[in-house]
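Engineer: Letter by letter, the chains look like this.
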Amino acid sequence: MLDALDKELLKTVADLEGLPKGAYNIRKNGKLLGRKISANINIETNAEGTGIIISVAPNTQNESVHIPVILSEAGLHDVVYNSFIIGENADVTIIAGCGIHCGSDKKEGHEGIHDFTVHANARMTYIEKHYAFGKGKGQRTLNPTTKVLLKQNAYAEMILEQIGGVDTAQRVNEAILEDGASLLIKENVLTEDTQIANSTNQIVLNGKDSSANLIARSVIKGDSKQDFIASMEANNKCYGHIECDAIILDNGTSDTVPSLKARHPDAELTHEASIGKIADDQLMKLMSLGLTYDEAVNHIIQGFLDRRVDV
Amino acid sequence: MLQIKDLTFTVENTDPGASGQKTILDRFNYTFEHGKFYGITGPNGSGKTSLAKVIMGINPVTSGRIVFEGNDITDLSITDRAKSGIAYSFQNPARFKGISFRQLLSIAAETDDESVLQKIVARVGICSLDFLEKSVDAKLSGGEIKKIELATTIARNPKLAIYDEPDTGIDLWTIGPMIDLLKKEQKNHQTTTIVVSHNKNFLEAADTILILKKGKFVYEGDLDGAIHLLTDLSTCTLPDLCEGENDVRCFR
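Protein chains in written order, with this note's numbering: chain A, 75 to 385; chain B, 68 to 319.
Derived from the structure by calculation, the hints contain no laboratory data.
These figures come from a predicted structure and were not determined experimentally.
Even glycine gets a Cβ: it sits at the ideal position worked out from N, Cα and C.
Accuracy of the hints is not assured; some may be wrong.
[Stated by the list, open to error] Label-pair restraints from in silico Cβ distances:
1. B:Q70 to A:S348: 36 to 46 angstroms
2. B:S208 to A:A121: 51 to 61 angstroms
3. A:K209 to B:S86: 46 to 56 angstroms
4. A:G177 to B:S86: 57 to 67 angstroms
Given only the sequences and the hints, what does the whole structure look like? Please build it.
Structural biologist: Laid out in structure tokens, this is it:
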């Protein structure tokens, strides 16, 4: 059921050596490859047949659900609409991601539109990794969209990664926060050759004492291009921060546009942004510890794209 | 141990109205002996940091040779000089997003063995084990990053350790233990130590004081003999421009 390519893709995008424990839904080339539900996590196909609905029961604690997608069929452009409903007081980890293997000159692509409703006092960790590889010259497209509604005192941490091989990406993240809700997004995108990635983010802080932290890290190699647009709108007493950093290697280019909209006198919004090459002092330091230039560059980039968040 | 032969280092002259090259080190000659502790001092702009960086390979040599333990290292990269046993502690250490002290120490020590890393932290003594988890980023205080810099330098087990202004950002209470540490490394590991500093405490710890002025050593000897020169230097580093103590433009 899982061939060698499937296994490699699953390992890369979902850290899976085989079928996961707990609930899962694995989609291959637009079709269901395997599904398992648990006592607290239900997965069902939506009424339109265009995606799945994942429901996590209230008070579920420390459970996870894997929903990876793999593509290896030439010419296929897969579009899915998935909904996630996280019950009150639940604490759950969702591991998504899409891996493409392209072996021909035909285009392959995936668009995952994920909408989340995280109910009161629930916590959700969402990890999504996108990756493409293969000797085929066909264009690989990955267009992920996340739309998040965080209810009262809900918390979501979202790790969104595109780690290479994707020719074009239109990435969209939207979030609305109610009272006391808190959101942390860390988006890491690496592009190379002539790849293009656009990331558009819109976060609306409606709730009193809500908070959002959007951290974007871009590594732009070769002649690739990444644009990052982020808007944070504060409509109540709240806190929001945008941090967007890009490292340019070779001839990469980037437009970065952070936008803060304070619509309440007690709103507190900040942003920091930087674009540039790897700093010489970083390279010198690592080389003075015995690393070669290339090893130093790799260490700096790996650290820069590290999933861990120091806030 | 380290021979500097007829070394010249020039940079592009960026002074207002100037052009051409500016000589920082002028046909410089000196031999550093194995296992000794050198304190290099001198006025601002005299070439102290430039000399230290030339030895590490961070600054390129304009002309002349550098011989380390009998091998000509003039054309070696920073990496190869590090591998040959030279370590460098930066005055203003680099900060990294997403790299922890543990990772940096692992690179320096060439191992991720937890017991080895803990031994290094214990050997350094001036930072606690919980430092290992800290990100080496802009959130660190000036003192914290200097302690990390010191630890990664010592973790290299260098034959020659160069410390550029090691007390920058360090609180007064840490300077003593820091000096004790460098002396202990010198004694226990016969580390040839070069400290670039204006701090009297570091200079007191040195076996030999070298005063650098206008790209040349103008003094070599003990601290007692250097005191009158250092007093002059500390009074004013711009004697050519000095208009006397009534000069209202002087903020020294």
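Engineer: Hint by hint, say whether it matches the structure.
Structural biologist: Hints versus structure:
At about 43 angstroms, the CB distance of Q70 of chain B to S348 of chain A agrees with the hint of 36 to 46 angstroms. The hinted range of 51 to 61 angstroms is satisfied by S208 of chain B and A121 of chain A, whose Cβ atoms lie roughly 57 angstroms apart. For the pair K209 of chain A and S86 of chain B, the beta carbons lie near 54 angstroms from each other, so the given range of 46 to 56 angstroms is met. Under the hint 57 to 67 angstroms, the C-beta atoms of G177 of chain A and S86 of chain B, about 60 angstroms apart, fit the expected range.
Of the numbered hints stated above, none is contradicted by the structure.
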